[in-house]
Amino acid sequence: MKALLRLGWRGLSRNRRFSALFIINLALGLTGFLLIGSFGASLSRHLDAHLKEILTADLVLQASRPLNEREIALSHTMAGPGSRFSRQVSLYTMVRGSGVSRLAQIVAIDEAYPLYGSFHSVVEPFDAPVITHLQQQRQVVMSREAARSFALAPGGTLQIGQAGYTLAAYIARDPGSDFTGLSLAPKIYMGLAQLQESGLLRFGSRVTYHHFIRLPDTANAAAVAARLTTALTELSPKSPEVRVSTTVDVNRRLGRVIDYFSSFLGLAAMVSLGLAGLAAAFLFREHLRGGLKEIAILLSLGASRVQCLVLSMGELALLGLTAACCSIALAWLLLPLFGRLFIGIIPANLHLRIDPVAAIATLVIGVVGSLLFCLPIYRRIVEVRPLWLLREEIENAPAPGKAALKHLAALLPALGLLLLLTLLLSHSPFQGLGFTAGLLILVMVFALMAQQLFIGCRRWSHTRSLTWRIVWRNLYRNRLAASAVFIALGMALLLVNLIPQVEKGLTAEIGQPQGLELPDLFLIDVQEEQRQLLHLFFQGQRAALSPMAPMVQGRIVSINGLPFASWRQQHGNGDERGLRRTEFNFSSREQLDSSETVLEGPPMSTVPWTADSNQPFAISMEREFGERLQVGIGDRLVVDILGIELEGQVVNLRKVRWNSFQPNFFMLVQKGVLDDAPKTYLASVSRVEKDRKGALVDRLTAAFPNVSVIDVSGTVEQFSNIAGQLSQSLRFMAGLAMAIGLVTVVSIARQEALRREREINLLRVLGAGIGRIRTILILEFAVLSAAAALTALLLSVLCSLGISWLLFDRLWQFQWQSSAFLLLAAPLTCALTALLAADSVIRRKPTALLN
Amino acid sequence: MTTQEPSPLVAVQDLHKVYSLPESSHLTVLSGAHFSLAAGTTLAVTGQSGSGKSTLIALLAGLDLPDRGKITINGADLTAMDEAGLTRFRAAHIGIVFQQFHLLPHLSAEENIRLPLELLDRPCEGTTIDALLESVGLAARRNHLPAQLSGGECQRVAIARALAVKPLLLLADEPTGNLDVATGREVADLLFDLVEREQMTMLVVTHNQELAERCTHRLQLAQGLLR
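Going down the list, the sequences are from chains A and B. Note that this note's numbering has the first sequence beginning at 1, numbered continuously upward. Note that this note's numbering has the second sequence beginning at 1, numbered continuously upward.
Incorrect hints may appear among the rest.
Unchecked claim - As a list, the in silico DSSO-like pairs of lysine-lysine whose alpha-carbon atoms are at most 30 angstroms apart:
hint	chain 1	residue 1	chain 2	residue 2
1	B	Lys70	A	Lys293
2	A	Lys2	B	Lys70
3	A	Lys693	A	Lys187
4	A	Lys690	A	Lys187
5	A	Lys293	B	Lys166
Simulated from the structure, these hints should not be mistaken for laboratory data.
Using the sequences and the hints given, assemble the complete structure.
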């Protein structure tokens, strides 16, 4: 065994280039895997630990009206003994500081708030008296930034509604703000007991009432939530206005933020790992090909086949282990960079660290994965016959059909591992199976294409040009080995091009829409009679007022004759985002906004609808909302708008670019439907100069005191930053995949060039000049890689289209730059790598062949 | 041909070997070969290319199994052994010298010689290896890799490696076939000197008449039979 160990070690240390290439290839792929795994685990760990703190409770009851006594009593009964309760009332209103008026979110809390988590001052949690004082005195707390926007310092007075409140202290972090969200206005906390004095709780005020419940540790929050939802619905069956949320809902909402990330990063990790596995298997195949003779020698000297397998597998396991260790070190270095890329998207205090489970998985994949990926190659060790060392021997090769079957059988464990990994990374059997099956199909397509290419090579070899004749004949003659190169190169290039193709569509969607004017201010609650006045106000102002969108709240009563709740139960696709409520905002437009596009169905009729027509009015539905609701064109909805039930029919599905920040709605109704309903209007203001914005808001507030003016420029900027970081992250992962892919391409080309050593020598012996040999080599590799690249590009476009369709809401755009780059770079890289790798062979004296 | 010694070390009886070729055709290489070889003697097997000389060596070395017939070496029936048994027998009792040396390229001359002993877990004292290196004239080049040695030197290492386990039978497949005439002669001298000194039994497959004539016995392989 000692001798075998020495032999294995020598084999690796003497083949430093192979060992280094193998380790680099595998380490890069494993690094991608480990980074994604650690990122996901860190986020999940953080969410698990902080989910209750984000919600500040186990359960939250939310309504747009105060809960009545029966509902409160019911919630107390169902929560059970030992539960704790807290209340919160929040609303948006204009607040006046030291000569500055701003929209703010007033959050009135009771003394028990928060049930989980705490308020933090700049350095530490608040003392309890600060919150207690909020109940007893007219005091508020807010962030330093919010205070600054009101030109306020501690001790200063803030006019909220009819009362003045003193700023008691700054808060550094408030409960529930752990996950960065897009907030429309700064939060101001006050005592619930002090809210009444502001006079803001009037009829018609847009107020949200929260009841927080902290259950005993042994309670099952999900079960209590389900029972409570049912009981509250039974209490007011026609209008289940009280929504019950648990940490699961928070998780789902948070999940939306990173949904694209996880899928894309998972895909990138799978691709990285796939590329690494591909390169590792290819490199090892070539390494082992050279090592088969050594195995035969060992067998002739009396080594057993098991000893030979142990030797070879030991070599591979050592390489895999080294690669895994390198990847852990690399991931440890890169993880902080990952954290910086996601600033603003992930929780600010998320501690990113290497996940021990992912690290162990990396070690196992490095060692076991290498062995499994190379299993088909090990089959060759079993088939080594020491009598090959004797000349004039005739090899008893197995029948081709039997060999192919054995080869396929040897692939099964590797495929199983790939499937397992893809399942782990994608968390979806559908995606995991799809990726693995897709890879298999692609390999078959590449094999078919290779066959066609070599048939062509045979045909083209009847040329007069000696160089081209040799090129075509070499390719045809070496078609078995060349097929492997073609498939490996093709797969690598396909995977490399797949990521930028998917990334392009995502980045375009995430980024700011081209040509759309981003708003600075939102004007909410504009009354009918104020429309003209508002237009007049903006005349002469250096700002642009958008067309005003009417807005009426209504309820979906039924869909296709089924009560809404029953429809949701029967047709829900599991994605309940935004569907637990029954109240929605309806609007209508003369023409679609530039941020909207009709995807299916005809444009909405511009003829005003009348109740006398006895026809349902037309509804234009946002596509994703329609998908969540399982409603399509032709479906009929009965909606209750301010007590009047009307029937509408979906005529088209729209795509809305939500990141345009224009006033958009899930449902637009035909002109005329909302004419008689009391409604408010929504508008946006753009092109406001930054230094004039404060003055404009003050004038607007003074002229239209009931209109809520929301400064969205900060939100837009925040979103732009997030979008930028998201795009940057996507590009980073795409770049990583391309880098791994190019290393793979270089490795494959180099190995293949070295394999041709004997042929090159033979050509030299036969009198071919160095120039001609170089030309032949360049042409062979250029032809092979160009054909592989062309096939790969076509297939990658199809695959990325499919992936975008399945995983990324059909967000796809053709990324011609990366395709063009790969089409040029692949043949060039391959030809140059082959040339460089073979140059030492070319320069060697041809007598080497004779020795 | 049969050597006349009463207790042959090697006994080959009615040896048949047929290879399957593509398209359902067959190639008969040995069809009833028969011979025996006494301990301490040397036998040269000559024949045309493709006559089956290497097949004979492969069968005697336990690298392949005959379709029919029996091979006995020192009383052990090779044809009754499984692959593991053959491997153990080969490691312990057979030394092979190949035409193309087949040294492990990453091991030094000394390590190549030491390897068969290590595979057998036999103690490989320095003196044994030193003596072997000395005997093949490579004491000064013990740490050189095969790539740093000439063809003749590589074959000397291969001979030393084959003799390291003190085999009952030494099989040499064209031991000088890859060397120039002068070097080939030197290697042959060395090989025969060592065999004689160690009182070994050797079977040499060769085209080289000069080499064949140095053996105590000669056989020609033609049409699957030894004559």
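Handout entry: Straight-line alpha-carbon gap lysine 2(A) to lysine 70(B), limit 30 angstroms
Key = violated, 36 angstroms
Handout entry: Distance restraint between lysine 690(A) and lysine 187(A), which requires alpha-carbon spacing of 30 angstroms or less
Key = Since the Cα atoms of lysine 690(A) and lysine 187(A) sit roughly 22 angstroms apart, the hinted pair holds (cutoff 30 angstroms).
Handout entry: Hint consistency between lysine 293(A) and lysine 166(B) [alpha-carbon to alpha-carbon, up to 30 angstroms]
Key = holds, 24 angstroms
Exercise for the section: Decide if the proposed pair is consistent with the structure: lysine 693(A) and lysine 187(A), CA atoms, cutoff 30 angstroms inclusive. Expected result: OK: lysine 693(A) and lysine 187(A) at ~20 angstroms, within 30 angstroms.
Problem - 30 angstroms limit on alpha-carbon distance, applied to hinted pair lysine 70(B) and lysine 293(A) - result: At roughly 29 angstroms apart (the allowed maximum being 30 angstroms), lysine 293(A) and lysine 70(B) satisfy the hint.
When each numbered hint is compared with the structure, a violation occurs for hint 2 only.
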